[in-house]
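> Chains as they are written, first to last, in full-length UniProt numbering: chain A, 1 to 232; chain B, 1 to 389.
Heads up, a few of these hints could be off.
Said to hold, decoys possible - Away from chain B, derived, C-beta distances all over 10 Å, residues of chain A: (1) H33; (2) D80; (3) R117; (4) E147; (5) L148; (6) R160; (7) T208; (8) D227.
Stated by the list, open to error - Computed footprint of chain B on chain A, listed as stretches where at least three residues anywhere in the stretch have a Cβ under 8 Å from a Cβ of chain B: (9) 53-63; (10) 82-88.
Said to hold, decoys possible - Only pairs whose alpha carbons sit at most 25 Å apart, straight line, appear in this in silico SDA-like list of lysine to any residue: (11) K18/B / L107/A; (12) K90/A / V62/A; (13) K12/B / S139/A; (14) K8/B / S14/A; (15) K18/B / L324/B; (16) K381/B / R82/A; (17) K12/B / L101/A; (18) K379/B / D80/A; (19) K90/A / L324/B; (20) K103/A / S79/A; (21) K381/B / R125/A; (22) K381/B / S14/A; (23) K8/B / Q130/A; (24) K8/B / E129/A.
Since the hints were made in silico from the structure, they are not lab data. Yeah, the Cβ is synthetic: ideal placement off N, Cα and C, and Gly gets one too.
In case you want the letters, here they are:
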Amino acid sequence: MSSPQPLIQISGLSHWYKMGDEELRVLKDVSLHIHHGEFVAIIGPSGSGKSTLMNMIGCLDVPNEGSYRLDGQEVRELSDNRLSAIRNEKLGFIFQQFNLLSKLTALENVELPLIYRGLPHKERRMLAEQSLERVGLSSRKLHRPSELSGGQQQRVAIARAIAGKPSILLADEPTGALDTNTGKEIIQLIRELNEQGHTIILITHDLTVASQADRIIHIQDGVIAIDGGARV
Amino acid sequence: MNITQSLKMAVKSIMSNKLRSFLTMLGIIIGVAAVIALVSVGQGAASNITTQMQGLGTNLLTVNISGRGVATSLSYEESLTYAAVPGVKEVSPVISGQVTAKNGTDNVTVQTEGITPEYETVRDYHVQAGRFILPIDIEYRQRIALIGTGTAQDLFGTSNPVGQSVLLNGQRFTIVGLLASKGSSLQSSNDDKILIPISTAERLLKSKGVRSIYIQAQSTDTMDSAMNLIKAKLLNKFGSEDAYTVFNQQDMLDTASSISNTLSIALGGIAGISLFVGGIGIMNIMLVSVNERTREIGIRKAIGAKRRDILTQFLIESVTLGALGGLIGVGIGFGASKLVGKFTSLSVSTSWNIVLLAFCFSLAIGVIFGIVPANKAAKLKPIDALRTD
Ligand SMILES: Nc1ncnc2c1ncn2[C@@H]1O[C@H](COP(=O)(O)OP(=O)(O)OP(=O)(O)O)[C@@H](O)[C@H]1O
Ligand SMILES: [Mg+2]
């Protein structure tokens, strides 16, 4: 059923930031495969490089060294425009701080990636309304983010992430700004999305959250310490 | 992403901060309004000058004699021979000078011209009451005078001057005609003057000869040839080109319109500078806006906006600001020129060309000054943009 080739193929990936003369190595020789339909949680202490890895996977940044193949394509070789297109078509982002545009309504926020994809108005509307419905927020589509609760805002952000039907959802501490109950609901929602076929990569501090995933990857000091349940 | 989408986003962003947008546009608004109003006034002045020049008479040559050279003067009898030059229709010699005019206790110094009857047609001066100077007045050296409306007002107030007498340098003259008002020209009021027969003037002004000769050509076509013949004749008489000057009315018109064009350009230039400053205002605010919206740009890029999308978004925003400011400016400039025309003595003429030019200029400013901020926004790396707050 799944293609023989992993969706995400990372090998020998290293990344560092230049701080004046010093180099701060954040990821050290990371290798990792993730297949279609997996639900992966990445955990690790603060500053261990989780978000940096996530940004690489999300094509928001390119590694200094090593190879990252997404769907068989070497990301380092792609142009800025191609990276934008890939983010638009294959990736959906869910951030800790929701990152909705405050001047737009919920519906307009969800529509935004579809605008950049160049879909006609009608189709956009339809897809956006569908994904708002999937997160259970149809009744709030004309509200602005400031008129929504934290949990509702994160639902809108999830709706935006899934509107374009991407294969991968990247969630960087999606429950970090929410209370425990709301957080649970959001994780439940993410689980459902995984069951519907999205590949999920979730960063969290919280072990109970991580336990929802099929596979837990521990990162420590820029290296993968434990990779539980990796399919070989 | 297409242009209508970008336009919608731009309008949304402009409308979401109305006061700031308005203040940003203010420079453009003032610039465009100033360009239109000032150039309208300049062009009004230009067309005013042209009409006034044409009011001097048509196909007119003016000879001024300063009297340097072998011969130093030209008698009025001799000046009449210029009428025989081919292409010349009529000749009006003038002896002029300042004279003290007195009526009872009122007394003014006034420009007095000794003229012949041809003055009426050549200079296009007419009487509104009484009669003009006749050949017989010249022949008999009559002490009669025509009076301009301005001088008449000074000496006689509201009473009718025709038939009254006036003392010119102590000599008694009878006023036989009141000149029609001509308004004022660039140099002086055309209505503050007294006209007397040229033969009488020779004595009154103790003048040896004519100071100027107004020569009317038969048509515009004969102007140049007549002018050359006259110049040759004058050179022959005086032996030096310094002794006289010959003006062609067309030349004066050209000079005047080039002066007023220069005026228009200068006014337009000043206004253009304020338009430019307005452009800098747009750039400034756009740069601030790019900084403030760094995170927004990061989010947009993260969900798939390309460089081009961000570039057009900000560019369209600044062009829209320029266009909107331009439109408001056109309205205000138009209104202001209408008001100036209505409530001041300045004449105003607004041409569509300048309106169009000013508007296009403000659009161009939106583009030019929008490029730097838009490019800055487009080049942001999504990862850096997302990290700022
Ligand atoms: N742009 C940057 N420039 C310099 N150093 C950076 C930059 N981004 C991250 N770092 C550093 O890289 C290290 C890893 O950061 P990263 O954000 O990946 O950590 P994290 O595991 O996500 O931590 P947390 O759980 O607190 O979010 C940190 O020490 C951080 O200071
Ligand atoms: Mg992090």
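> Any hints this thing doesn't respect? Which numbers, in order?
2, 3, 6, 14, 19, 20, 21
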